[in-house]
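Residue numbers (our numbering), protein chains in the order written: chain A, 1 to 309; chain B, 310 to 412.
Be a bit skeptical, because a hint or two may be false.
[Stated by the list, open to error] Quick list of in silico lysine to any residue cross-link-like pairs, SDA-like style, CA-CA up to 20 angstroms: (1) B/K360 <-> B/V312; (2) A/K282 <-> A/L271; (3) A/K38 <-> A/V86; (4) B/K404 <-> A/E85; (5) A/K102 <-> B/V312; (6) B/K404 <-> A/H99; (7) A/K102 <-> B/G392; (8) A/K38 <-> B/K360; (9) B/K404 <-> A/A82; (10) B/K404 <-> A/V86; (11) A/K38 <-> B/G400; (12) A/K38 <-> B/E356.
To be clear, the hints were calculated from the coordinates, so they are not data collected in a lab. Treat the numbers as computed from the prediction; the structure is a model and nothing was measured.
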Amino acid sequence: MEPEKNILDMLIVGGGPAGYTAALYGARAGLSVLLLEKLAPGGQMGTTDMVDNYPGFPKGVNGFDLAMQMKECAERFGAKTALEEVSALELTGEVKLAHTPKHIYQARTVVLAMGSHPRELGLEREGDLRGRGVSYCATCDGMFYRGKTVAIVGGGNTAVSDGLYLSRLCDKIYLIHRRDKLRAPLPQQKALEQAGNVEFLWNSEVTALLSGDRLSGLRVRNKKTGEVQELACDGVFIAVGQVPDAQLAVGQVACSEDGYVLAGEDTRTNLPGVFAAGDLRKKPLRQIVTAASDGAVAAAMAQEYLDGR
Amino acid sequence: MSVLTLTQENFEAEALKSEIPVLVDFWAAWCGPCRMFSPIVDEFAEENQDKVKVGKVNVDEQPDLAGRYGVMSIPTAILFKNGEIAATLVGLQQKSALEDLIQ
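Based on the provided sequences and hints, a complete structural model is requested.
Written as structure tokens, this is what we have:
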């Protein structure tokens with residue numbers, strides 16, 4: 001396969017809020033911009049039912065609707081999207097290459113905006129049982145467990161908001177957390193405690209998924225007492241954080257031990273012309289608004305880099 | 310051929326008795342990943358209309374169909390061949406994963 005002749009000013013990998021904000025700022029500044037997305041616009045945001053903490057939407061906004069609007073914003077100034085999965089990136093040269101099954105794209109700058117995905121527990125049969133009792137999306141699958149018993153694993157924002165959502169649908173909920181307290185806004189914690197059908201298992205971890213054809217329960221170990229118990233449940237919702245999707249860049253840009261791309265507030269990586277925006281960047285707060293912010297900064301830095309060449 | 314809306318009423322005739330394989334996408338309006346998956350399924354249907362029929366089941370409106378096929382997570386895509394389940398994919402998929410199913 002021959003590389004495309006045209007060399008783009010900016011190539012963006014990933015179509016979440018970071019990617020589309022970089023596309024908007026880049027295209028509006030007059031750069032030629034192509035965004036590559038393997039699935040559909042939105043990334044993690046696209047899977048969110050109601051976004052309540054992105055400014056400008058007093059009634060909240062559906063994550064997928066917001067994604068389509070961000071895409072439109074970028075396209076208004078000429079940014080293009082190609083739904084193609086990148087199989088390899090070559091980032092070290094002055095002209096950078098992105099390989100997809102159909103094309104080899106060339107660009108002078110690259111914005112890495114691949115985001116992150118939900119972490120798995122890493123237990124045996126976890127993959128097989130997905131859709132048969134194991135879920136990573138409470139708003140997607142909660143209704144299949146109406147009136148049933150489910151467990152949530154985790155203790156952060158996602159686990160707590162999943163808990164609130166499921167407490168209204170399910171008969172009984174176990175919240176299994178490895179620490180002895182939650183890490184979520186206090187009003188939400190209080191609401192969860194007051195829901196009445198949530199039992200908290202502190203200092204506990206899931207050591208096995210019990211199953212026949214589908215999930216039937218969990219084996220849970222209390223880390224303090226060493227006590228092991230088996231909980232019968234119809235479903236388990238796993239909310240134990242995120243894993244950065246930086247694999248394409250590993251070995252070329254500097255990453256932290258836990259796999260995030262190392263770039264400061266200016267989104268610059270150790271490679272000239274390569275920027276990291278959104279959830280895959282090592283940073284203290286991962287939200288739609290901070291992803292969008294990174295995207296804007298990355299586009300400005302890319303423009304500065306192109307001007308200074 | 311456009312994407313069919315499958316219901317209790319037409320499922321047997323359209324999906325189970327089809328001459329060619331049928332890909333069925335179980336979805337709901339409130340499910341974000343389903344909304345992301347929908348245009349991917351549409352594009353797949355458009356590009357493979359000679360090889361496969363594509364239908365969608367709204368699980369809110371058709372809970373019995375979802376129950377019959379044990380759908381407990383959406384989106385779920387099930388490929389039927391000669392009335393039998395030939396493959397099941399759970400969760401948001403790339404178009405290439407759908408293409409692999411019918412290779």
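Evaluated hints:
1. Distance restraint check for B/K360 and B/V312: the Cα-Cα separation of roughly 13 angstroms lies within the 20 angstroms cut-off, and the hinted pair is therefore satisfied.
2. In summary, the hint linking A/K282 to A/L271 is supported, as the alpha carbons are separated by about 16 angstroms, within the 20 angstroms threshold.
3. For the hint linking A/K38 to A/V86, the alpha-carbon distance of about 7 angstroms falls within 20 angstroms, and the restraint holds.
4. Annotation: proposed proximity of B/K404 to A/E85 holds, straight-line Cα distance about 10 angstroms (limit 20 angstroms).
5. A hinted pair counts as satisfied when its Cα atoms are at most 20 angstroms apart, and A/K102 with B/V312 does not qualify at roughly 26 angstroms.
6. The suggested pairing of B/K404 with A/H99 holds, with an alpha-carbon distance near 17 angstroms, which does not exceed 20 angstroms.
7. Straight-line distance between C-alpha atoms of A/K102 and B/G392 comes to about 35 angstroms, which puts the hinted pair past the 20 angstroms bound.
8. For the hint pairing A/K38 with B/K360, the CA-to-CA distance comes to about 24 angstroms; that exceeds 20 angstroms, so the pair is violated.
9. Taking the CA atoms of B/K404 and A/A82, the gap is about 13 angstroms. The hint holds against a cut of 20 angstroms.
10. The straight-line distance between the Cα atoms of B/K404 and A/V86 is roughly 14 angstroms, inside the 20 angstroms bound, and the hint therefore holds.
11. Between the alpha carbons of A/K38 and B/G400 the distance comes to roughly 14 angstroms, so the proposed pair stays at or under 20 angstroms and holds.
12. Among the hinted pairs, A/K38 with B/E356 is consistent with the structure: their alpha-carbon atoms are about 17 angstroms apart, no more than 20 angstroms.
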